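Please take these sequences and the hints and turn them into a complete structure.
2 protein chains.
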Amino acid sequence: MQYQPIQSEANARFKRWKKLADSGRAVKKEGATLAEGVHLAQTALERSVPINAVILRSKGINAEAESLLTGLQRGSAPFFVLDSTLYDAISPVEHGAGLMLEVRLPVLNRPQSLDEDVLYLDGVQDPGNIGTLIRTAVASGVTNIVASAGCANCWSAKALRAGMGAHFAAAIYENVSPEEVVGFCRGRRLAADARGGSDLYATAGWEKGPTVWMMGSEGQGLSDAALSVAEQRLYIPIQADCESLNVSAAAAVCLFEQRRRRRER
Amino acid sequence: MQYQPIQSEANARFKRWKKLADSGRAVKKEGATLAEGVHLAQTALERSVPINAVILRSKGINAEAESLLTGLQRGSAPFFVLDSTLYDAISPVEHGAGLMLEVRLPVLNRPQSLDEDVLYLDGVQDPGNIGTLIRTAVASGVTNIVASAGCANCWSAKALRAGMGAHFAAAIYENVSPEEVVGFCRGRRLAADARGGSDLYATAGWEKGPTVWMMGSEGQGLSDAALSVAEQRLYIPIQADCESLNVSAAAAVCLFEQRRRRRER
Numbered sequence: 330m331q332y333q334p335i336q337s338e339a340n341a342r343f344k345r346w347k348k349l350a351d352s353g354r355a356v357k358k359e360g361a362t363l364a365e366g367v368h369l370a371q372t373a374l375e376r377s378v379p380i381n382a383v384i385l386r387s388k389g390i391n392a393e394a395e396s397l398l399t400g401l402q403r404g405s406a407p408f409f410v411l412d413s414t415l416y417d418a419i420s421p422v423e424h425g426a427g428l429m430l431e432v433r434l435p436v437l438n439r440p441q442s443l444d445e446d447v448l449y450l451d452g453v454q455d456p457g458n459i460g461t462l463i464r465t466a467v468a469s470g471v472t473n474i475v476a477s478a479g480c481a482n483c484w485s486a487k488a489l490r491a492g493m494g495a496h497f498a499a500a501i502y503e504n505v506s507p508e509e510v511v512g513f514c515r516g517r518r519l520a521a522d523a524r525g526g527s528d529l530y531a532t533a534g535w536e537k538g539p540t541v542w543m544m545g546s547e548g549q550g551l552s553d554a555a556l557s558v559a560e561q562r563l564y565i566p567i568q569a570d571c572e573s574l575n576v577s578a579a580a581a582v583c584l585f586e587q588r589r590r591r592r593e594r
Numbered sequence: 330m331q332y333q334p335i336q337s338e339a340n341a342r343f344k345r346w347k348k349l350a351d352s353g354r355a356v357k358k359e360g361a362t363l364a365e366g367v368h369l370a371q372t373a374l375e376r377s378v379p380i381n382a383v384i385l386r387s388k389g390i391n392a393e394a395e396s397l398l399t400g401l402q403r404g405s406a407p408f409f410v411l412d413s414t415l416y417d418a419i420s421p422v423e424h425g426a427g428l429m430l431e432v433r434l435p436v437l438n439r440p441q442s443l444d445e446d447v448l449y450l451d452g453v454q455d456p457g458n459i460g461t462l463i464r465t466a467v468a469s470g471v472t473n474i475v476a477s478a479g480c481a482n483c484w485s486a487k488a489l490r491a492g493m494g495a496h497f498a499a500a501i502y503e504n505v506s507p508e509e510v511v512g513f514c515r516g517r518r519l520a521a522d523a524r525g526g527s528d529l530y531a532t533a534g535w536e537k538g539p540t541v542w543m544m545g546s547e548g549q550g551l552s553d554a555a556l557s558v559a560e561q562r563l564y565i566p567i568q569a570d571c572e573s574l575n576v577s578a579a580a581a582v583c584l585f586e587q588r589r590r591r592r593e594r
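As they're listed, the protein sequences go chains A and B. Quick note: the first sequence uses my numbering, first residue 330, plus one each step. Quick note: the second sequence uses my numbering, first residue 330, plus one each step.
Just so you know, the hints here were simulated from the structure itself, not pulled from any lab data. Predicted, not measured: the structure shown is a model, and the values here were computed from it. Backbone N, C-alpha and C fix where the C-beta goes; we use that ideal spot for every residue, glycine too. Hints may contain errors.
[Stated by the list, open to error] Just so you have them, the derived chain B footprint on chain A, three or more residues with Cβ under 8 Å:
(1) 436–447
(2) 466–479
(3) 563–569
(4) 579–586
Set out below in structure tokens:
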């Protein structure tokens, strides 16, 4: 097994990784992203995610990461040892494991329509929130993620890292407008809206059949376009005189209330 | 009203703010922190939080922030206009509102014991998670936050920003070990533990009386010390073959299940 050292930021591969690290657009264009950390690497191996390159930090790869190298060496991806400074410049977290993969994005054939549960993200901006939302959805049993054009890229290195492997268990459809959701997603469209509607807990029946939970952006909540296609508006009854919930927390509450109700039946 | 311009990073006030921005230890030592954004400033005004200084960005203060200036001018805090580059160097978010307050931390008299609901944080590292956890707890009606020494500072600029004002509605006790929790918190100690225990939804009665929900660190979950003082271990039944939830999402699920049950009674 050869380890190819990279020590200069002028190196073409490094420049490519830097682009992938910094830009959701580059991730989309290249059809590849960076997966940092032991857990993501483990999941990628388990799920046979195509690996383009294995990237090691010249100093400070942790013991857990070391233990994965044998498994990674069985594949055909080339290995690179990146100068620590260069590694840190492309790592989505401050104190990474020292092991990063360049992985190929899955090619997803978009079906005519989705007759299953969906989490719809409308203008969610923060990559960390995007990743956490995908992780929470998958944990709740909802594996279809549909995102509006206004969302940050679902596959950015930061979103992937926050998703902790859930991306690889999900089907993610990006750039879907609220109007398109109507034809594409067959489930009942439920708007999580802090500004009104019915009490999530006091309202019966919304969990029946497939649902499309619609979650809005960090600052503004759901857009008018999204609200106008919702069939039902539900709010989480939070403490009076209190700010709304973070979008990831709100999604956790709604999706697990759905899960709780379905398990009871 | 005087606006004092600051253009050099050698300025003593700027250096102080930079320390507050970068170090939880400095926040603790100085008894002050930075509150960026319109919403935090609004909450600080409403709740009469002591303001040491009003800090404006020389370029790009947004319209919403402008509208708060009148209210802030009624106070006695001096105003500073910080060069944009300097402002961005101390802002906890990338595209801030251009309005930041230096606020004094509340002085909290620690009572003998707490006979109320508590959220206990054990080694939570990420300031964003800390803030979101406090926000979620307050929204669920739990206003006592107790944190272990291993946690990141609850009042760092980043944690405060993620808390979106919830800090000012909470009583936050830091540096409390799991052993101390036993004497200090009178409620039933519930461990949120992905590794075992009883099903959160299938288990009756845990929501009665005050509770102490214990949440562990991002990577490791609850420490042995915390688990050993727990009276009950509860897990969230997530989808099989799936990674655990993010700590903020897990807390949202547990605290709102508590809220749901209590509202039903």
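These are the hints, each one checked on the structure:
1. 436–447: violated (count 0)
2. 466–479: Result for this restraint: holds, n = 4.
3. 563–569: holds (count 4)
4. 579–586: This one holds; 6 residues, not fewer than the three required, reach chain B with a Cβ under 8 Å.
Violated hint for the displayed structure: number 1, the only one.
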